[in-house]
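Visitor: Each chain, letter by letter, is given below.
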Amino acid sequence: MKKINSEIIRRAVAHLCIEANIRLRKDVRAALSRAIKSETNPRAKRFLSQLLDNARIAQADKIALCQDTGLPTVFVEIGRDVNTQGLDMDRAIQKGIEDGYRKGFLRNSIVSDPLLRPQPPKFSPGVIHYDFGLYRGLRITVLPKGFGCENKTQLKMFTPTVPLEEIKKFIISVVKDSGPDACPPYVVGVGIGGSADQAVLLAKKALLRPLDKCSSLKHIASLEKDLLKKINQANIGPLGLGGRTTSLGVSVLTAPTHIAGLPVAVSISCHALRSASVYFK
Amino acid sequence: MFISNKKISTPLDEETIKSLKAGDEVLLSGEIFTARDQAHKRLVEMISKGVSLPIDLKNKIIYYCGPTRTAPGRVVGSCGPTTSARMDRLTPQLLQIGLKGMIGKGRRSDVVRHSIRKHGAIYFLATGGAGAFLSRRVISAKPILFKELGPEAVVRLVVKDFPLIVGIDSTGRDVFEMRTSFTE
Numbered sequence: 001m002k003k004i005n006s007e008i009i010r011r012a013v014a015h016l017c018i019e020a021n022i023r024l025r026k027d028v029r030a031a032l033s034r035a036i037k038s039e040t041n042p043r044a045k046r047f048l049s050q051l052l053d054n055a056r057i058a059q060a061d062k063i064a065l066c067q068d069t070g071l072p073t074v075f076v077e078i079g080r081d082v083n084t085q086g087l088d089m090d091r092a093i094q095k096g097i098e099d100g101y102r103k104g105f106l107r108n109s110i111v112s113d114p115l116l117r118p119q120p121p122k123f124s125p126g127v128i129h130y131d132f133g134l135y136r137g138l139r140i141t142v143l144p145k146g147f148g149c150e151n152k153t154q155l156k157m158f159t160p161t162v163p164l165e166e167i168k169k170f171i172i173s174v175v176k177d178s179g180p181d182a183c184p185p186y187v188v189g190v191g192i193g194g195s196a197d198q199a200v201l202l203a204k205k206a207l208l209r210p211l212d213k214c215s216s217l218k219h220i221a222s223l224e225k226d227l228l229k230k231i232n233q234a235n236i237g238p239l240g241l242g243g244r245t246t247s248l249g250v251s252v253l254t255a256p257t258h259i260a261g262l263p264v265a266v267s268i269s270c271h272a273l274r275s276a277s278v279y280f281k
Numbered sequence: 001m002f003i004s005n006k007k008i009s010t011p012l013d014e015e016t017i018k019s020l021k022a023g024d025e026v027l028l029s030g031e032i033f034t035a036r037d038q039a040h041k042r043l044v045e046m047i048s049k050g051v052s053l054p055i056d057l058k059n060k061i062i063y064y065c066g067p068t069r070t071a072p073g074r075v076v077g078s079c080g081p082t083t084s085a086r087m088d089r090l091t092p093q094l095l096q097i098g099l100k101g102m103i104g105k106g107r108r109s110d111v112v113r114h115s116i117r118k119h120g121a122i123y124f125l126a127t128g129g130a131g132a133f134l135s136r137r138v139i140s141a142k143p144i145l146f147k148e149l150g151p152e153a154v155v156r157l158v159v160k161d162f163p164l165i166v167g168i169d170s171t172g173r174d175v176f177e178m179r180t181s182f183t184e
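Top to bottom, those sequences are chains A and B. First residue of the first sequence? That's 1 in our numbering, and the numbers climb one at a time after it. First residue of the second sequence? That's 1 in our numbering, and the numbers climb one at a time after it.
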């Protein structure tokens with residue numbers, strides 16, 4: 001059994017916060033490069049190049065890719081061989097977020113009360129999701145998602161007999177509703193099944209999957225492909241000024257659900273999809 | 001079809017504003033002021049109470065932006081635009097007292113569009129999510145108002161060749177309404 005202490009967690013989370021915010025994910029960079037090649041609208045092409053420039057500058061200057069360094073969301077997968085006895089995991093993670101955001105000169109964007117909104121905002125708390133599954137080791141992933149796109153999240157509770165076309169229409173409508181506002185080209189995370197809360201979480205988790213991978217389920221992979229094609233016909237394009245690059249990828253996760261329901265959640269990510277992960281064996 | 005890389009500088013005069021059409025690309029130099037949700041709320045509350053504003057917005061440009069913190073030796077942090085639509089509710093009151101320009105990202109409401117037209121103002125788009133890129137176009141940054149708001153404080157930025165697109169021109173034409181014409 002491995003023993004994990006709070007100092008290891010704190011340091012790892014701090015590092016991940018900085019890493020995610022400053023270095024654009026490799027798969028996202030690759031997707032932008034591919035989009036530049038396939039884009040036919042010259043202005044859209046230019047904006048896409050600007051986004052790659054932005055990624056280069058962020059890394060060179062050690063500065064955040066985007067001023068909205070998000071509400072850090074932390075996914076923790078705790079394997080059965082990991083001993084966390086006596087460890088205050090919550091505290092270690094929140095302290096790690098504070099350290100990382102302070103050290104990385106990231107933005108303090110969190111208000112402790114959603115209605116009173118005391119000022120100035122703070123670095124923490126982030127949102128933490130724990131998962132005790134059939135894993136080995138410990139994996140921590142930080143997703144500092146900005147709120148321009150988080151505000152575009154939608155959930156719809158469908159009935160079980162609804163035609164698949166209706167579900168597709170809904171997912172595409174969420175992208176169209178986002179329009180030029182949430183920094184297109186988007187990455188579209190979709191959660192289908194489970195309960196309402198689980199569907200929303202799945203939609204967000206879907207954003208963690210590398211963009212060059214598709215679902216391992218055949219019917220879902222084909223749904224992803226079809227959605228991507230249709231979304232890229234919407235002519236929203238980079239900055240919302242048109243072009244065939246409206247989405248860099250669609251990722252769908254599913255879960256078992258109830259005989260009476262079919263929840264579908266959509267989590268929109270801006271093109272600056274940021275996450276970083278560490279694995280302890 | 002569209003002007004590109006036209007250099008303009010602050011303060012924007014009427015002639016310059018009138019010459020710019022939705023879809024034109026410009027490089028802006030001069031001073032702009034960051035202000036987002038909470039700063040807007042405070043300013044508009046002051047206006048409605050009849051209190052004189054601690055900042056003169058006449059003929060000025062507001063940038064919807066809350067930069068990351070500035071590292072030592074740097075001018076400013078990452079500083080791209082935030083979603084403009086959140087400021088829609090509070091924008092007409094600022095245009096009423098003489099605000100001339102706004103920089104942000106995304107669509108504006110019809111009310112804002114009409115207000116822009118009425119006051120001969122202009123709305124620019126900056127590249128969303130390119131805060132690192134844009135930070136290199138900032139020469140100086142100084143928080144001047146509502147400092148207790150942290151990232152939402154009003155900061156005076158001096159920019160050089162800050163790349164923008166005209167989103168809504170002074171006649172009320174909206175670039176997002178003419179999007180199909182962009183597909184060359």
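Simulated from the structure, these hints should not be mistaken for laboratory data. Be aware that a few hints might be false.
[To be verified] Part of the chain A face toward chain B, derived, beta carbon under 7 Å:
id, residue
1, I57
2, P114
3, L115
4, C183
5, C270
[Unchecked claim] Far from chain A, some chain B residues (derived; all Cβ distances over 12 Å):
id, residue
6, K7
7, S29
8, G50
9, V51
10, V76
11, S84
12, E152
13, F176
Even for Gly, the Cβ is constructed at its ideal location relative to N, Cα and C.
Visitor: Against each hint, give a clear statement of whether it holds in the structure.
Guide: Evaluation of the provided hints:
Restraint check, A:I57 versus chain B: the minimum CB separation of about 4 Å is within 7 Å; hint holds. Interface restraint check: A:P114 against chain B, minimum CB-CB distance 13 Å, threshold 7 Å, status violated. Given the 7 Å rule on beta carbons, the hint for A:L115 is violated: about 13 Å separates it from the nearest Cβ of chain B. Using the Cβ-Cβ criterion of 7 Å, the hint placing A:C183 at the interface with chain B is satisfied: the shortest such distance is roughly 4 Å.
Proximity of A:C270 to chain B holds as hinted, the smallest CB-CB distance being about 5 Å (cut-off 7 Å). With 12 Å as the threshold on Cβ separation, the claim that B:K7 sits away from chain A holds: the shortest Cβ distance comes to roughly 18 Å. For B:S29, the shortest C-beta to C-beta distance to chain A comes to about 19 Å, beyond the 12 Å cut-off, and the non-interface label holds. A cut-off of 12 Å between C-beta atoms confirms that B:G50 is not in contact with chain A; the least separation is 24 Å.
With a cut of 12 Å on Cβ distances, B:V51 stays outside the contact zone with chain A, its closest approach being about 19 Å. Not every Cβ of chain A is farther than 12 Å from the Cβ of B:V76; the closest lies at roughly 9 Å, contradicting the non-interface assignment. Against the 12 Å criterion, B:S84 falls within the reach of chain A, whose nearest CB is about 8 Å from its own CB. Separation of B:E152 from chain A is inadequate, the least Cβ-Cβ distance of about 8 Å not exceeding the 12 Å criterion.
A beta-carbon of chain A is positioned within 12 Å of the beta-carbon of B:F176; the least distance is around 6 Å.
Consistency with the previously given hints fails for numbers 2, 3, 10, 11, 12, 13, ordered from lowest to highest.
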